[in-house]
Amino acid sequence: MALAVGCRFRPGKSRDNKTGSWRVFKPIFDHEKCSKCSMCQTLCPEGCILEDADGFFDPDYAYCKGCGICAAECPKEAIAMKQEEK
Amino acid sequence: MMEITEGSHAVAEAVRLCRPQVVSAYPITPQTHIVEALADFVANGKLDAEYITVENELSALSACVGASAAGSRTYSATTSQGLMLMAEVVFNAAGMRMPIVMSIANRAMGAPLSIWNDMQDSIALRDAGWLHFYAEDNQEATDLHFLAYKVAEDPSVQLPALVCFDGFILSHTYEPVDVLSQEQVDTYLPKYAPAERLDANDPISFGMYATPEYYLEFRYEMNEAQKKAKAAIAKYGKEFGTLFGRDYSSLIETYRLDDAETAIIAMGSVCGTVKDAIDEMREAGKKVGLLRIRVFRPFPIEEIATALATVKRIAILDKNVSLGSRGGATAIEVRDAMYGSTIPVKGYILGLGGRDIRKKDIKEIVALCEKGEGDQFIGLRKEVL
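Chains D and V, in that order, are what the protein sequence lines are.
Each residue of the first sequence is one higher than the last, beginning at -6 in this note's numbering.
Each residue of the second sequence is one higher than the last, beginning at 30 in this note's numbering.
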């Protein structure tokens, strides 16, 4: 995203502004442990956990802010929060 | 055409000639006469503008930001407490790169309440990103408005500008002023034509949020725009001189400085008194000169360092004080400009809250500076302390 003088933007900036950059801890999903219960997707406040063709779940890291709710609530403890260095 | 006119009215006339499309301001002493005159101009059909009356200064500058974003040349004026009430929007106007011009009839900050002059108000907001012009007399207070719009609206700058002049000392004083004609001003200052504006058919947002990946770069760009303003002032100040005979291309003015041993640095109307004091000291054999700062933002760092390279000592007058530091803003910044030099730099706080500054005060400062004394208040009434 190139800078615009005075931070002026046309509508639709949330598509360009990747709020995933706010993240400190990154959720890592372990499909081996996953029971496909979809709790992570239901509880994600960002709505950025997506189901794949096989019924597994993964976060869209472009928008995941790393809040850790999915990891805390996962009944199978299949999600680990790892500190991320940028 | 030369006219004997009150400073405020000369400024109001200059603003009228700049053809602002939107004026929004809230009256406050000693700025009142300016906005009163502009309201009259609008009511009498002498100025084709929207005059937005508001409940306070926060709303006044907010209205100006909206009007400027909509593509209007926009004007406001305030002072002291009014400027502080605007403070949030002062920063936003600069960040949104709105070329608003605002007059400041400089006044002290409360508490204690004071309606009298010093420069604490505009100096307190020196980091907000606005260009800061300081006038010595009413001619300059008038002319700097034309220059301010020209520089602020330049595509390489796009920053708002404060035109500051001492409250009462200039705003309420009658002086001869050469008031330009509308034809002359139209030649110099064309219609404002922003590249982008608010338009319901082509939506755009101004001043959106910036994540940590971008905010630093936005502030960097504003600082670069301040640097580019130097070139714009040089260009348009020279053009003003070519057209109307008064050259404002330099950020500083020097007076009898070439062979001076003691350099006095000051801003605003006190420089008239300083020049008279210098003439008397020169007659008495003292080599004293003046460096007047006309543009405080962008700050003339290189210009000051070059102009003062051969003096023996520097005395800086500040009609403001950065409480808890070594002195006033000018002294702090000039010391920075002179970093690495062995020339002693001393600051003097004076004239706060309307205290008169007399020629003998200037001579006392020069005597103190010669003795190596400074970084102190001048004219303290010890009997009341």
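It is worth saying that the hints were derived from the structure and are not from the lab.
From the three backbone atoms N, C-alpha and C, an ideal C-beta is built for every residue, glycine too.
Accuracy of the hints is not assured; some may be wrong.
[Claimed, not checked] Residues from chain D shown here face chain V by an in silico Cβ test under 10 Å; the list is partial:
| # | residue |
| --- | --- |
| 1 | LEU(-4) |
| 2 | ALA(-3) |
| 3 | CYS0 |
| 4 | ARG1 |
| 5 | PHE2 |
| 6 | PRO4 |
| 7 | LYS6 |
| 8 | LYS11 |
| 9 | SER14 |
| 10 | LYS19 |
| 11 | CYS30 |
| 12 | GLN34 |
| 13 | LEU36 |
| 14 | PRO38 |
Against the structure, the hints:
1. LEU(-4): holds (6 Å)
2. ALA(-3): holds (9 Å)
3. CYS0: holds (5 Å)
4. ARG1: Because about 5 Å separates ARG1(D) from the closest Cβ in chain V, which is inside the 10 Å limit, the hint holds.
5. PHE2: holds (5 Å)
6. PRO4: holds (5 Å)
7. LYS6: Where the cut-off is 10 Å and the nearest Cβ of chain V is about 6 Å from LYS6(D), the hint holds.
8. LYS11: holds (8 Å)
9. SER14: SER14(D) check passes; min Cβ-Cβ to chain V is 6 Å, inside 10 Å.
10. LYS19: For LYS19(D), the interface hint is violated, since the closest Cβ of chain V sits about 17 Å away, which is over 10 Å.
11. CYS30: violated (33 Å)
12. GLN34: Cβ of GLN34(D) sits 25 Å from chain V, so the hint is violated.
13. LEU36: violated (25 Å)
14. PRO38: violated (18 Å)
Checked against the numbered hints given earlier, the structure breaks hints 10, 11, 12, 13, 14 and satisfies all the rest.
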